[in-house]
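Using the sequences provided together with the hints, build the complete structure.
Chains A and B are the protein sequences, given in the same order. According to this note's numbering, the stretch in the first sequence is residues 42 to 388, in order. According to this note's numbering, the stretch in the second sequence is residues 5 to 330, in order.
Hints were generated in silico from the structure; no laboratory data involved. Please read these numbers as outputs of a predicted model, since none were measured by experiment. Every residue, glycine too, gets a C-beta built ideally from N, C-alpha and C. Incorrect hints may have been included.
[Unchecked claim] To give an idea of the chain B side of the interface with chain A (calculated C-beta under 10 Å), a few residues:
(1) R228
(2) M229
(3) E230
(4) V232
(5) R234
(6) S235
(7) G237
(8) R240
(9) E242
(10) A243
(11) R246
(12) V247
(13) P250
(14) L251
(15) A311
(16) A313
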Amino acid sequence: MIRLEGVSRQWPEFAIKNVTLTVEEGEYLVVVGPTGAGKTLLLELLLGVHRPDEGRLLLDGKDVTNEPPEKRGIGMVYQDYLLFPHLNVEQNLAFGLRYGERAANEGQAKVSETARLLAIDHLLHRFPYTLSGGERQRVAIGRALVTEPRVLLLDEPLSALDRNTAARLRSELKSLQRTKNLTTIHVTHDLAEARQMGDRIALIKAGELNAVGTAEDLLRRPPTLFAAHFLGAVNLFEATFEASEGRFVAGPISAVGPSPNGGGNYIMVLPDEIDLLPATAVGLNLIAGEVSELIDEGNYVRVLVRANGLADPIAVYLTRQAVRAQGLGVGCRVTADVRNALHVLRE
Amino acid sequence: MKANSCRWRRRFRLRSSSPVSGLTWLLVFVPFVAVFLLIGRYTMAGVTTLAAVSSAWLARRWRRRTNDGPLIGFSVFGALLILFIVLPILNLLFTTAPGRILATARDQTVEAALLITVSSAGVATLVSLAFGIPLGYVLARERFAGKAMVEAIVDMPVVIPHTVAGIALLFIFGRAGILGGPLHSAFGILFSDTYWGIVLAMLFVGIPFVVNQSRDGFMKVDPRMENVARSLGASRFEAFLRVTIPLTWRSLLSAAIMTWARGVSEFGSVAVIAYYPRTINTLLFEWYNFFGYEYTKPLAALLLVVALAIFATLRTVAAVTRAEHD
Numbered sequence: 042m043i044r045l046e047g048v049s050r051q052w053p054e055f056a057i058k059n060v061t062l063t064v065e066e067g068e069y070l071v072v073v074g075p076t077g078a079g080k081t082l083l084l085e086l087l088l089g090v091h092r093p094d095e096g097r098l099l100l101d102g103k104d105v106t107n108e109p110p111e112k113r114g115i116g117m118v119y120q121d122y123l124l125f126p127h128l129n130v131e132q133n134l135a136f137g138l139r140y141g142e143r144a145a146n147e148g149q150a151k152v153s154e155t156a157r158l159l160a161i162d163h164l165l166h167r168f169p170y171t172l173s174g175g176e177r178q179r180v181a182i183g184r185a186l187v188t189e190p191r192v193l194l195l196d197e198p199l200s201a202l203d204r205n206t207a208a209r210l211r212s213e214l215k216s217l218q219r220t221k222n223l224t225t226i227h228v229t230h231d232l233a234e235a236r237q238m239g240d241r242i243a244l245i246k247a248g249e250l251n252a253v254g255t256a257e258d259l260l261r262r263p264p265t266l267f268a269a270h271f272l273g274a275v276n277l278f279e280a281t282f283e284a285s286e287g288r289f290v291a292g293p294i295s296a297v298g299p300s301p302n303g304g305g306n307y308i309m310v311l312p313d314e315i316d317l318l319p320a321t322a323v324g325l326n327l328i329a330g331e332v333s334e335l336i337d338e339g340n341y342v343r344v345l346v347r348a349n350g351l352a353d354p355i356a357v358y359l360t361r362q363a364v365r366a367q368g369l370g371v372g373c374r375v376t377a378d379v380r381n382a383l384h385v386l387r388e
Numbered sequence: 005m006k007a008n009s010c011r012w013r014r015r016f017r018l019r020s021s022s023p024v025s026g027l028t029w030l031l032v033f034v035p036f037v038a039v040f041l042l043i044g045r046y047t048m049a050g051v052t053t054l055a056a057v058s059s060a061w062l063a064r065r066w067r068r069r070t071n072d073g074p075l076i077g078f079s080v081f082g083a084l085l086i087l088f089i090v091l092p093i094l095n096l097l098f099t100t101a102p103g104r105i106l107a108t109a110r111d112q113t114v115e116a117a118l119l120i121t122v123s124s125a126g127v128a129t130l131v132s133l134a135f136g137i138p139l140g141y142v143l144a145r146e147r148f149a150g151k152a153m154v155e156a157i158v159d160m161p162v163v164i165p166h167t168v169a170g171i172a173l174l175f176i177f178g179r180a181g182i183l184g185g186p187l188h189s190a191f192g193i194l195f196s197d198t199y200w201g202i203v204l205a206m207l208f209v210g211i212p213f214v215v216n217q218s219r220d221g222f223m224k225v226d227p228r229m230e231n232v233a234r235s236l237g238a239s240r241f242e243a244f245l246r247v248t249i250p251l252t253w254r255s256l257l258s259a260a261i262m263t264w265a266r267g268v269s270e271f272g273s274v275a276v277i278a279y280y281p282r283t284i285n286t287l288l289f290e291w292y293n294f295f296g297y298e299y300t301k302p303l304a305a306l307l308l309v310v311a312l313a314i315f316a317t318l319r320t321v322a323a324v325t326r327a328e329h330d
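Shown next, in the form of C-alpha cells:
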C-alpha cells in the first residue's frame, strides 16, 4: 500500500500541488494527464529522487518521506528503458541483487526465473544496443522485478514500442502484475492502455489530482469537465440549475444531479445509452430531432441528431444493424430517448 | 550500365564535402612550392608538392556537382591558415636530422628536464582529476545560484596570461606568500623554485580542461539512469561508481590527457614560480637565449615529436569516445 498525503513540491517552473492518493496493495493504478501535467515528476516524488516540500508519503503504513530512493524498495521503469549500456542483459538484471540481503545462489536463481518469466532468457549475454525496443523494455521490467520491489512505477513503459509489441507486452505486464500481486503505478497518455490496464485511473492536471476512479467511473460518470474532455466524452451540454424543480436543464434535456456550487454545470449524454424511437414518442427526456449526419466509425455508426434548443447535435452510437433496421437516413425525424444516458458534472 | 554509374555518382555526392575543384586546390600550393625552391629547401618543396597533389586528387574526387563560388573562396582562405600551421611543423620535423634529435634526447640535462616535465605534469593531472571530477559532476547535475559564476571562474586560467598567473600564485604560495609562508615555516614545504612549484603552475592552467571535459561527459549520462540504479538499491555514490563512471571513463581519460598535455607545454607560469629545476620548456628557452635557434632546433624537434605523440593519443581516445556515444 502506498499513500500520498497532501504532497506538494514547488519547482522554479512547475509545481505538484497537494496530491492525496492511496494505492491499495496489489492495485494497478494508471495515471493519465496531458503532456506536462507532472506525471513523471509525481513518479519521481514517489521514487524519492525529489523530496516533497509538504506532505507525507507512506509505504505500507511507514513514513518514507525522508528516505532516499535506495531505501524505499520502489522499482522504476522509464519509457526509454535506460538499460545500463555497459552491462549485458544478465548484468543489468542482476544489478540490484547485491544490495538486498539474500544468499548468492538465490540471486542467480532470481535472475533466471525473471528472465524466464519475461521470455528474455535467450538474451542474457547480449548487450542492450543489440536488442529491439520490446526486448529492451522486457529487460528493464525484469531488472526492476528482480529486486522484488514493494511498488512498481512505470513511466510510459509501452509508448516507445510499435503497436503490436505494445499490445502484447500490455497484456503480459497486466498478468504478471496479477500473479505477483504487485502494487503498480503506471503513467501513460494512451487512454486505451489506461482503460485496459488500470484497476483505477488517476487524472492529473497541471500538477493537481483532478479525478480518480475506476475506468467505468471516469468514462461513464466523469466528475469534472476536464476529465470528461480529456477522456474523450461527447455530448456535453452546458446546463442551468432550476431551483424550483431541483433539476439541471439544458434545452429539452433535464437531469438530476448533485446540488450546484457555483461554476459551470454540464449534462453529459452517453452516446451508447441512447435509444432512437419513432418521432411520435413524447415525454420527459424524449428529445425530438432530425438526423443530420451518419458517420461510419468502423465498428459502429455515429448518428448526429439535431434537436431544438441544443446548440450541438446529439451523437448517438448505433450498430449498423440498428441503423438498417430503423431505416435511418439524413433528414429522418426521430425521438432520442436519453432517459438512461444522463450524467451531471461540474466544471 | 548507365543506372550503375548514376548510383556511383549519387554515392559520391552524398559523401562529398569539398566544393573546391582539384585545380583550384593545386594552385594554392604553387607559391609555397616556388618559395621553397627559391630558398633551396628541396625536401620541403617535395613534401609540399606531394601534399598538394594528393589533396588535389581528393578534392577532385569529393567535388560537388554544383559549383559554389563563395565556398571555394572560403576554402582557399581556410587552406592558407592550415598551411600556416602545418608548414613550420613539417619544416622543423623534416629538416632536422633524426640523428641529432636522438643525440639530444640522450643528453643528460635534456633527459632530466624531460623526466621532470612529464612527471610533474602527471602529478598535476592526478590532483586536478581528484578535485575536478567532483566539481564537474556537480556542475553537470545541479542548478544553483552562482553556477554561471563558478563556470566562469573555472575558465579563467585560459584567459589570464600565464606569467600573470605565475606572479599571482607566488603571492599566495611563494616563500613569503599568504599560504606559502606558513606552509614553509610549519612543514618546510616550499614552492618557489621546486618541483612542487612546477606542479602548482601546471595544476592552475590544467583545471579548465578537467572540469569542463568531465562536466560534458557527465552531462551525456542521463540522470534518470542514476535514478534507475538507485531504485535498484544503489546509493547515489554507488550509482556514480557503477553507472556514471563506466559510461564516462573515456571522457575522463581524454580530460586527463589534455590536462597532462597542457602541463607538459606550460612555460610562462612555471618559469615565474619555479625556473629551477628546469622543465623541458625552460631548458629550450634557456638554450635559445644562450646559443641561438640553430642550436635549439633538435630539442625543439624532440619536444614537437613528444607533443605530437600526445596529440595522436588524445585524438584516438576522442574518436573512440565519439564512436561510443553515437
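Do the hints match the structure? See the list:
Checking B:R228 against chain A by beta carbon gives a least distance of about 6 Å; that is within 10 Å, so the hint holds. With a least beta-carbon distance of about 5 Å to chain A, the hint placing B:M229 at the interface is held under the 10 Å criterion. With its C-beta approaching chain A no nearer than about 8 Å, B:E230 sits inside the 10 Å limit, and its interface hint holds. For B:V232, the interface hint holds, the least distance from its beta-carbon to any beta-carbon of chain A being 5 Å, beneath 10 Å.
With its C-beta approaching chain A no nearer than about 4 Å, B:R234 sits inside the 10 Å limit, and its interface hint holds. With a cut of 10 Å, the hint placing B:S235 at the interface with chain A holds, because the nearest CB-to-CB distance is about 4 Å. Contact between B:G237 and chain A, as hinted, is supported at the beta carbon level, the nearest pair being about 3 Å apart and thus within 10 Å. Below 10 Å, beta-carbon pairs count as interface contacts, and B:R240 has one with chain A at about 7 Å; its hint therefore holds.
At its closest, the beta carbon of B:E242 sits 8 Å from a beta carbon of chain A; the interface hint therefore holds under the 10 Å criterion. With a least beta-carbon distance of about 8 Å to chain A, the hint placing B:A243 at the interface is held under the 10 Å criterion. Because the beta carbon of B:R246 sits about 8 Å from the nearest beta carbon in chain A, less than 10 Å, this interface hint is met. A hinted interface residue such as B:V247 counts as satisfied when its beta carbon comes closer than 10 Å to some beta carbon of chain A; here the least separation is about 6 Å, so the hint holds.
Because the smallest distance between the Cβ of B:P250 and any Cβ of chain A comes to about 5 Å, under 10 Å, the interface hint for this residue holds. With 10 Å as the threshold, the beta carbon of B:L251 comes within range of chain A, its nearest partner Cβ sitting at about 6 Å, so the hint holds. About 32 Å separates the beta-carbon of B:A311 from the nearest beta-carbon of chain A, more than 10 Å, and the hint is not met. A distance limit of 10 Å between C-beta atoms decides the matter here; for B:A313 the minimum to chain A is near 29 Å, and the interface restraint is violated.
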